[in-house]
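**Student:** If you want the building blocks of each chain, they are given just below.
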Amino acid sequence: MLNKSKSVDTLLQENKQLRMELAEANNTLHAIKNGEVDAFLVSNKLDDQVFILKGADHIYRVILEEIKEGYATIASDGTILFCNKNFSEIVKTPLNRVIGLSIYSFLKPRDGEALSSVLADHIGTFKAECSLKTGDIFCTPVVISASNITIDGDKITCLLVTDLTDQRRMERFAQIVFNQTKEPVIACDRDGCIIQANPAAGRMFGDQLVGKDFDKALSLFLERDGKRLSLKHLLDSKLQCGVEVTYERDDRSKLYLLINAGRYNTEEDSIIGCIVTITDITYQRQLDTERTQYDRLNLIGELAAGIGHEVRNPLTTVRGYLQMFQRNSKYNSHQEQLSTMIEELDRANSIITEFLSLAKNNHAELIPGNLNGTIHALFPLLQADAFRLGHEVQTDIGDIPAICYDDKEIRQLILNLVRNGMEAMEPGGIITIETYLEDDKIILAVKDTGPGIPKEVLSKLGTPFVTTKEFGTGLGLSICYRIAARHDAKIEISTSSEGTNFFVKFKAYNKQSSH
Amino acid sequence: MDEFKNAVHHFKSAAASPVKEKYVLQLYIAGSTPRSQRAVINVRRLCQEALKDICDLQVIDIFQQPHLAKDEQILAVPTLIKKLPIPKRIFIGDMSDTTAILDSLDPC
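Going line by line, the protein sequences match chains R and Y.
Here the first sequence is numbered in my numbering, starting from 1 and rising by one per residue.
Here the second sequence is numbered in my numbering, starting from 1 and rising by one per residue.
Honestly, I wouldn't trust all of these hints.
[To be verified] Quick list of in silico lysine-lysine cross-link-like pairs, DSBU-like style, CA-CA up to 30 angstroms:
(1) K6/R - K22/Y
(2) K33/R - K83/Y
(3) K92/R - K82/Y
Worth flagging that the hints you see were computed from the coordinates, not collected in a lab.
With the sequences and hints as input, model every part of the structure.
**Tutor:** Structure, rendered in structure tokens:
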């Protein structure tokens with residue numbers, strides 16, 4: 001039955017629409033009948049299924065779609081014909097927007113040029129590290145590998161794209177750690193040639209390390225036997241960690257180092273090289289030495305406090321009686337012996353006095369003043385001593401700020417150091433007393449031109465009762481160390497065949513701790 | 001090739017109207033099969049030459065993004081759908097007959 005409610009125009013329009021839909025349906029059937037389609041998409045309530053009409057390539061397709069790398073098929077003009085999800089993720093563009101674009105839109109001009117010759121001529125291969133465009137900037141590091149294939153007469157190029165972002169991030173992280181670490185780290189190849197050294201290694205051993213042989217570039221000596229360290233020998237031995245060595249710098253200062261070395265292998269266990277890390281333990285050694293010395297002094301100080309007064313009292317009594325006998329004419333024939341006995345008692349007493357000054361709990365009167373003033377006041381006495389021994393004493397006074405110190409004790413310290421120096425020199429020697437500022441410390445230096453201190457004595461210097469002098473008490477330097485400790489100062493020594501220098505280093509006034 | 005160029009010229013003349021509508025095209029392919037690849041090449045060329053600057057093309061791989069194909073009730077691929085301007089048009093095959101496609105894309 002005809003629907004008379006619709007107008008002729010409406011009906012004509014409907015007719016036209018129907019004809020068009022019919023034509024589309026016929027076209028679809030025609031395409032299917034003539035094998036012009038590849039696959040059917042069938043959707044039901046449960047899922048969507050794709051039925052492919054040609055090829056047993058299902059597994060290969062899935063591999064390309066699912067591999068971790070980005071994959072793209074490129075036409076000779078650079079059009080992306082196909083790509084997998086990972087490729088679209090690498091270039092951060094939705095998958096349905098990537099296919100159909102040009103690969104050159106993701107490459108820098110230089111990389112695009114290199115790739116285009118492979119695409120256009122369809123010969124050769126391309127493998128290179130590039131930066132792919134992400135958004136507006138070329139910031140994604142990748143490796144692109146391209147190879148040409150011909151399928152059914154169509155020439156296409158297959159691209160495999162590996163994202164290096166994570167790898168680069170790890171490399172940057174490792175590089176930052178390598179550069180920032182305080183310890184020197186040196187990497188060598190299998191022949192012991194330095195291939196990388198971090199900035200800490202450069203600061204310790206000099207900048208020109210790369211390319212040099214490890215053993216030749218670093219003169220390291222084993223502490224246990226003094227022999228020169230050989231890297232190969234170290235790696236072959238069982239003990240590769242915590243090996244103690246010494247290193248002499250250009251300025252002749254010595255460093256004490258701990259070496260840890262380990263081979264760097266491939267997974268198949270063939271050796272690529274080795275990594276050496278070095279820890280500077282010089283300061284720790286110094287502290288250990290000072291602590292040992294300090295402990296010794298403390299022990300002596302305790303003994304001194306305990307024994308000193310007990311011995312002095314009987315000496316005083318004996319001296320008193322001897323003086324009494326001296327004044328008695330009955331003993332005139334023994335005057336010489338009595339004087340000798342009194343002199344010996346006085347000498348014993350002065351040893352006890354020196355000994356007592358090592359006592360730990362001696363109180364120092366720290367008053368603000370300038371060391372130069374004390375030196376100036378003491379100078380005439382020092383000159384007299386020098387003249388007596390045929391030496392010369394001179395001063396080189398610098399502009400130094402005030403510090404808190406006990407004038408009496410510092411006089412004692414200077415006297416002891418200067419007298420030690422004078423006694424060490426042959427006649428004609430020169431003692432120089434200097435004061436100057438260095439960093440935030442005030443330096444009082446006493447320098448002589450003697451023969452220097454032998455190595456075996458140097459380590460025991462400052463130990464009570466250790467002396468090289470025939471009539472020495474061996475307490476002078478100990479007293480100096482004790483006085484320095486009471487002033488929160490340190491004594492450092494340098495010695496050579498041209499003389500010995502004592503440096504007493506005081507903290508500047510406003511940095512001194514209060515006593 | 002001449003036929004193609006004539007069709008392009010004809011289309012351009014016919015479509016020379018003051019207001020140029022944007023064409024929204026969706027091409028559904030089946031991965032990297034030869035027909036799908038040819039369809040991509042042909043449609044891309046069509047967009048660049050005949051619909052330059054007025055074409056928004058999406059290429060959807062039904063293996064990797066089947067959910068996008070579901071709404072359009074795609075039966076077979078390759079299929080090209082003109083979504084805009086209306087009326088909607090559907091083309092099946094590798095799109096090598098660009099003349100027929102261009103004629104059908106004509107909105108009038």
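**Student:** Run every hint past the structure and note whether it holds.
**Tutor:** Each hint, compared with the structure:
Under the criterion of a C-alpha separation no larger than 30 angstroms, the hint pairing K6/R with K22/Y is inconsistent with the structure, at around 33 angstroms. Proximity of K33/R to K83/Y is assessed by CA-CA distance (about 26 angstroms); at most 30 angstroms being required, the pair is judged to hold. The straight-line distance between the Cα atoms of K92/R and K82/Y is roughly 26 angstroms, inside the 30 angstroms bound, and the hint therefore holds.
Consistency note: the structure conflicts with earlier hint 1 alone.
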